[in-house]
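Novice: Listed below, chain by chain, are the residues.
Number of protein chains: 2
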Amino acid sequence: MSRPGRLIGVGLGPGDPELMTLKAVKALQAAPVVAYFAKAGQKGRARKTADGFILPHQKEAPLVYPMTTEIAFDDPRYRCALSAFYAEAAERLAGYLGEGEDVALLCEGDPLFFGSFMHVFVRLEQRFRTGIVPGVAAMSGAWSAAALPMTWGDDALIVLAGTLPRELLVEKLKAADAAVVMKIGRNLERVRSALKEAGMHERAVYVEYATMSGQRVQRLAERDDAAAPYFSLILAPGQGRRP
Amino acid sequence: MSRPGRLIGVGLGPGDPELMTLKAVKALQAAPVVAYFAKAGQKGRARKTADGFILPHQKEAPLVYPMTTEIAFDDPRYRCALSAFYAEAAERLAGYLGEGEDVALLCEGDPLFFGSFMHVFVRLEQRFRTGIVPGVAAMSGAWSAAALPMTWGDDALIVLAGTLPRELLVEKLKAADAAVVMKIGRNLERVRSALKEAGMHERAVYVEYATMSGQRVQRLAERDDAAAPYFSLILAPGQGRRP
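Chains as they are written, first to last, in our numbering: chain U, 1 to 243; chain Z, 1 to 243.
Just so you know, these hints were derived from the structure itself, not from any lab. Please read all numbers here as calculations on a predicted model, not as lab measurements. It cannot be assumed that every hint is accurate.
Restricting the straight-line Cα-Cα distance to at most 25 Å, the calculated cross-link-like pairs of lysine to aspartate or glutamate (DMTMM-like) are [unchecked claim]:
id, chain 1, residue 1, chain 2, residue 2
1, Z, K48, Z, E208
2, Z, K26, U, D224
3, Z, K39, U, D155
4, U, K174, Z, E208
5, Z, K174, U, E18
6, U, K174, Z, D154
7, Z, K196, Z, E208
8, U, K174, U, E101
9, Z, K196, U, D225
10, Z, K196, U, E101
11, U, K39, Z, D155
12, U, K196, U, D224
13, Z, K174, U, D154
14, Z, K174, Z, E189
15, U, K183, Z, D155
16, U, K183, U, E125
17, Z, K174, U, E167
18, Z, K174, U, D224
19, U, K174, Z, E171
20, U, K183, Z, D154
21, U, K183, U, E202
22, Z, K59, Z, D75
23, Z, K183, U, D154
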């Protein structure tokens, strides 16, 4: 019997393939199996980013998310469907690993920062050797695209989801000097109102498709409240010590 | 007269040279002048990380910090000395830029996230064209070294400095689900006490020299209160939704 393979979470960065690290390219190309998450009928952002780097002999293992629009996100059935999906994805990768093949699981951004990778990782880390290649986070791509210095001196930065209730958003924003708001979607009006109450709206910047084609940067004050795409963020920079 | 050069902030990542991005390597090698911050008598971490990539024909411009131990950090003279230093560093780089030479200013981690780069950037961005190459943040290097999934679902992450007063630390930690504490230095006892009050101590992990030689990862509960080196962080992972 061959020695079991290793599961490697490979962070690909914010979208521009040039923002992959040297280590990510090596880890990706060294693994016999390249796995990635994707929506049904789509190639998936991670796979697209890795396009120029996958070698002809490598096997590909797309992990296709179950329907995400038919069932509402807060429906318990959604959680069940996702749970079954991650369990199944983990077992599929365990098949390769058990055969002695290393698996590089591609991750948008950084593998351990809000990544789907983590759900597979926690299901396999006790059974197989693992490795993590950190990546440039989506938020770094966004504030670089905006050329926006984010945090100075002893600034505290909060990173939060725009899906939170308004009062929680305000409370958390007020605890920080700088903020990144993810998962904006249809929540822009509520997020804007919370940023106003926290005194951050005037300096906030909206960024979508950072480092990708379609990149757009504008002051939040000049952005309307229309729904935002998945790849979008709001940034409120800190104003700390500047010698 | 030649066209003025461009100032490029090049994020090098957490320390392991392999965690430089493809774009960082290109930007670094394309610039006639490579600048970096360093302490007197030392090469500096950024320059060390870039060691294998600087080409023989490139000019180097070390920007040497003024004394940082003779004057206490909270002494107004410290701020003045630093301010003069950044102004002087900016003028020095302006010299190259004015001659039409691009300058790659090397940055540990990510250029716009607590970076010295920002102090030079804000002094030159009105006068010269600029560019930013984002990098893998030190904290990503740390939680990857610890193989620690940091944030799940709608977790809020706070990144803060261990130099803050205890009450502020507690307040900010309580506003979040996951935390990164930087600037630990001699503040470990206070930080620990704040993490305990916020209910995060048991799951906190201490990491030093992540991705560098000397890397060390341990549960914070097993770490004593001795002073921590500059390259150290405390991580408290979130416990959010895990389908």
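Novice: Against each hint, give a clear statement of whether it holds in the structure.
Specialist: Evaluation of the provided hints:
1. Pair hint K48 of chain Z plus E208 of chain Z holds up; C-alpha atoms about 18 Å apart against a cutoff of 25 Å.
2. The suggested pairing of K26 of chain Z with D224 of chain U is violated, with an alpha-carbon distance near 37 Å, which exceeds 25 Å.
3. Restraint check for K39 of chain Z and D155 of chain U: the C-alpha separation of about 23 Å stays at or below 25 Å, so the hint holds.
4. Restraint check for K174 of chain U and E208 of chain Z: the C-alpha separation of about 30 Å exceeds 25 Å, so the hint is violated.
5. Among the hinted pairs, K174 of chain Z with E18 of chain U is inconsistent with the structure: their alpha-carbon atoms are about 38 Å apart, more than 25 Å.
6. The straight-line distance between the Cα atoms of K174 of chain U and D154 of chain Z is roughly 18 Å, inside the 25 Å bound, and the hint therefore holds.
7. Restraint check for K196 of chain Z and E208 of chain Z: satisfied, since their Cα atoms lie roughly 21 Å apart, inside the 25 Å limit.
8. The hinted pair formed by K174 of chain U and E101 of chain U fails the criterion: a straight-line CA distance of about 48 Å is larger than 25 Å.
9. With a C-alpha separation of about 40 Å, the suggested pair K196 of chain Z and D225 of chain U falls outside the 25 Å cut-off, and the hint is violated.
10. With a CA separation close to 42 Å, the supplied pair K196 of chain Z and E101 of chain U exceeds the 25 Å bound.
11. About 23 Å separates the Cα atoms of K39 of chain U and D155 of chain Z, which keeps this hinted pair within 25 Å; it holds.
12. The hinted pair formed by K196 of chain U and D224 of chain U meets the criterion: a straight-line CA distance of about 15 Å does not exceed 25 Å.
13. Simply put, K174 of chain Z and D154 of chain U have alpha-carbon atoms about 18 Å apart, close enough for the 25 Å limit, and the pair holds.
14. Proximity of K174 of chain Z to E189 of chain Z is assessed by CA-CA distance (about 18 Å); at most 25 Å being required, the pair is judged to hold.
15. Annotation: proposed proximity of K183 of chain U to D155 of chain Z holds, straight-line Cα distance about 12 Å (limit 25 Å).
16. Distance hint between K183 of chain U and E125 of chain U is unfulfilled; the C-alpha atoms sit about 28 Å from each other, more than 25 Å.
17. Between the alpha carbons of K174 of chain Z and E167 of chain U the distance comes to roughly 15 Å, so the proposed pair stays at or under 25 Å and holds.
18. Annotation: proposed proximity of K174 of chain Z to D224 of chain U is violated, straight-line Cα distance about 32 Å (limit 25 Å).
19. Distance check on the hinted pair: K174 of chain U and E171 of chain Z sit about 10 Å apart at the alpha-carbon level, within 25 Å; holds.
20. With a CA separation close to 9 Å, the supplied pair K183 of chain U and D154 of chain Z stays within the 25 Å bound.
21. At most 25 Å may separate the alpha-carbon atoms for a hinted pair to count; K183 of chain U and E202 of chain U meet this at roughly 20 Å.
22. Between the alpha carbons of K59 of chain Z and D75 of chain Z the distance comes to roughly 35 Å, so the proposed pair goes past 25 Å and is violated.
23. A threshold of 25 Å between alpha carbons decides the hint, and for K183 of chain Z with D154 of chain U the separation of about 9 Å falls inside it, so the pair holds.
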